[in-house]
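Student: Read off the chains here:
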Amino acid sequence: MMLNGFLVVGALLFALGATGVLIRRNAIVMLMCIELMLQGANVTLAAFSRYLDDQAGFVLVVFSLTVAAAEVAIGLAILVALSRVYPVVNVDQLDSLSG
Amino acid sequence: MADNLETTVAFWYLAIAAVGAGALMLVARNPVHSAISLVIVIFHVAGLFVILGAGFLAVAQIAIYAGAIVVLFLFTLMMLDMRRLPNERVTHRQIWLGIPLGILLAIEGVVVSVGTPEISASIKGTFPPATISELGGSTQALAVALFNDFTLPFLGASVLLTAATIGAIVLARRVESHEQADFPQAAKESSPVETPAEPSSAEPVPEESAR
Numbered sequence: 001m002m003l004n005g006f007l008v009v010g011a012l013l014f015a016l017g018a019t020g021v022l023i024r025r026n027a028i029v030m031l032m033c034i035e036l037m038l039q040g041a042n043v044t045l046a047a048f049s050r051y052l053d054d055q056a057g058f059v060l061v062v063f064s065l066t067v068a069a070a071e072v073a074i075g076l077a078i079l080v081a082l083s084r085v086y087p088v089v090n091v092d093q094l095d096s097l098s099g
Numbered sequence: 100m101a102d103n104l105e106t107t108v109a110f111w112y113l114a115i116a117a118v119g120a121g122a123l124m125l126v127a128r129n130p131v132h133s134a135i136s137l138v139i140v141i142f143h144v145a146g147l148f149v150i151l152g153a154g155f156l157a158v159a160q161i162a163i164y165a166g167a168i169v170v171l172f173l174f175t176l177m178m179l180d181m182r183r184l185p186n187e188r189v190t191h192r193q194i195w196l197g198i199p200l201g202i203l204l205a206i207e208g209v210v211v212s213v214g215t216p217e218i219s220a221s222i223k224g225t226f227p228p229a230t231i232s233e234l235g236g237s238t239q240a241l242a243v244a245l246f247n248d249f250t251l252p253f254l255g256a257s258v259l260l261t262a263a264t265i266g267a268i269v270l271a272r273r274v275e276s277h278e279q280a281d282f283p284q285a286a287k288e289s290s291p292v293e294t295p296a297e298p299s300s301a302e303p304v305p306e307e308s309a310r
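These protein sequences, in sequence, are chains A and B. Last residue of the first sequence: 99 in the working numbering, with the numbers rising by one and none dropped. Last residue of the second sequence: 310 in the working numbering, with the numbers rising by one and none dropped.
Hints were generated in silico from the structure; no laboratory data involved. Just so you know, these numbers come straight off a predicted model, no measurement behind them. A hint or two may mislead.
Claimed, not checked - Quick list of the computed label-pair ranges, beta carbon to beta carbon:
(1) B:154 x A:97: 41 to 49 Å
(2) A:93 x B:210: 33 to 41 Å
(3) A:95 x B:198: 21 to 29 Å
(4) A:95 x B:255: 30 to 38 Å
(5) A:97 x B:111: 45 to 53 Å
(6) B:174 x A:94: 37 to 45 Å
(7) A:74 x B:162: 33 to 41 Å
(8) A:97 x B:246: 41 to 49 Å
(9) A:78 x B:215: 36 to 44 Å
(10) A:64 x B:119: 16 to 24 Å
For glycine and all other residues, C-beta sits at the position ideal for the given N, C-alpha and C.
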């Protein structure tokens, strides 16, 4: 059955994105990995929507696109503002709140 | 969309290419290469949406993700001037914990996905293929669902986008005196980077409004 195939792709994309957030040091690449996780969630939503004969999953993908756009705009604006004060994007060096 | 041969072949190609490009994104040393891998993932996921019979989502995915989000990533990479940044290692020291946790998550997801049972007819929704073709296509069906059942969330999404645009403008604005009062030595350190960043500080705003 095709549904399981789509769910596996979604799960693998989500796991890859989560691994990237865990292992990468560059804050911009970490934001990209969050986008990868959202892609995995989108595949799962669309697959369930198709095989359940329901449009709600497709509509949720539209909202997911909207939230991803807003999240990237704010995340990158925070990085630009941060880079004026501390010119690094390596998250290991951004530890001034850890005391 | 029946499970015929062409669909199956297209599905396997798109699935393998999407996951492969996602893996490339993790191992690329240069963030620009990661961004290009993200574009490849996005195009192949759009292909998966086409197989699922959601053509509008595929186009929206390419327009919003590849057209706006990845371009915003590339603009930020350009503004932050990666050559000035130390780039000797791309991963944390915690990689030996992160990779096993990621593999565990992948195994868990695959096991749950493969174990998902067949969908019985009793839990199917109100948009079978007959209804969709009666409405005129998948885009019309999506519009019927979006503007009837999800009107309030749709309006909420517009508020969210407005708030995000205003927030990005406020965050990306330069506040000279405030910065230097709060972080005197850090502002001095960052002064070589500030000069190339300054002319492009107005860049993100048209990016956002274009979306």
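Student: Now tell me if each hint is right for this structure.
Tutor: For each hint, the structure was consulted:
Range check, residue 154 (chain B) to residue 97 (chain A): about 46 Å between beta-carbon atoms, so the 41 to 49 Å window is met. Judged by the Cβ atoms, the range 33 to 41 Å given for residue 93 (chain A) and residue 210 (chain B) holds: they are separated by roughly 38 Å. A beta carbon spacing of about 23 Å between residue 95 (chain A) and residue 198 (chain B) agrees with the range 21 to 29 Å that was offered as a hint. Between residue 95 (chain A) and residue 255 (chain B), the C-beta spacing of about 36 Å keeps the proposed range 30 to 38 Å intact.
Separation of residue 97 (chain A) from residue 111 (chain B) is about 46 Å and conforms to the stated range, judged on CB atoms against 45 to 53 Å. Between residue 174 (chain B) and residue 94 (chain A) the beta carbon distance is about 21 Å. The supplied range of 37 to 45 Å is therefore violated. With their beta carbons about 20 Å apart, residue 74 (chain A) and residue 162 (chain B) fall outside the hinted range of 33 to 41 Å. Residue 97 (chain A) and residue 246 (chain B) have their C-beta atoms about 44 Å apart, which keeps the hinted 41 to 49 Å range intact.
In this structure the hint that residue 78 (chain A) and residue 215 (chain B) lie 36 to 44 Å apart at CB holds, the actual value being about 38 Å. In this structure, residue 64 (chain A) and residue 119 (chain B) meet the distance hint of 16 to 24 Å, their C-beta atoms being roughly 23 Å apart.
The structure fails hints 6 and 7 (numbered hints given earlier, in ascending order).
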